[in-house]
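2 protein chains.
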Amino acid sequence: MPTLSDPEIKQLLADPNYAVVSTLEPDGSILSTIVWDSADDDALYVNSAIGRRWPTNLQRDPRVTVLVQEAGNPYHFVSVRGTATATTDGADDHIDSLTKKYIGEDKYPFRQPGEQRIKFAITPTHITYVKR
Amino acid sequence: MPTLSDPEIKQLLADPNYAVVSTLEPDGSILSTIVWDSADDDALYVNSAIGRRWPTNLQRDPRVTVLVQEAGNPYHFVSVRGTATATTDGADDHIDSLTKKYIGEDKYPFRQPGEQRIKFAITPTHITYVKR
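Quick note, the sequences are listed as chains X and P, same order.
Residue numbers for the first sequence follow the working numbering, so the first one is 133 and each next one is one higher.
Residue numbers for the second sequence follow the working numbering, so the first one is 133 and each next one is one higher.
Pairs count within a copy or across copies, as identical chains cannot be separated in the list.
Keeping only pairs whose Cα atoms sit at most 20 Å apart, straight-line, the calculated SDA-like set for lysine to any residue is:
#, residue 1, residue 2
1, K263, A203
2, K263, Y150
3, K233, G204
4, K263, Y234
5, K263, F242
6, K263, T165
Keep in mind that the hints were calculated from the coordinates and are not lab data.
Start from the sequences and build out the full structure, keeping to the hints where you can.
Listed below in structure tokens is the structure:
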């Protein structure tokens, strides 16, 4: 199986390519939306505000799939199935680092009053990598 | 709820924008991959070859989510949750029409010997539309 430490996958995930995160609704159907992501050799990381729909899904059922596609090249993508572990520790720093990666600013500019950020580490159980 | 007949959604789906199709694996985890799609006012349509992984998932469990993102604009997308109905009738014509839409050729050039095409009509149960 491909891994997150494969050089081409690392580069795809280091570049500001958007992710489609898919989580399980309470009725077992699939919710998909667009998110920012980061990665290291062990996990993919995504971030949201507590109470929104997809992080609430993940807090109930940690099974998740994230597909990251290269901007401008639909047939270069990695699809990571895995299990998410939630933490609020470092979640504010993480959303700021994602802000830097995706829009070049130092601080996340879209914060709502009172919102609490949550970060998920996604440990892969299966990775598919396609480049053609 | 937005519908497939909303003009902006119709245009997004008429343009050759790629779709992320997410289906349920036998163990309940989510499989996501990239596909072509078409649409009319009633349904989204996707196409594959019998025996591949995601169509096999759909034949077992028809719950599916398709997210279609505008090329070059990650925050313009429609996410359609729905139920898939499979048919082989018209599946060959459909893959040829998708070929025209996405790569401008009249006949699907990637057919494998002996493969049988299958077409799925996805009737929406929930649509999310984002443009910003």
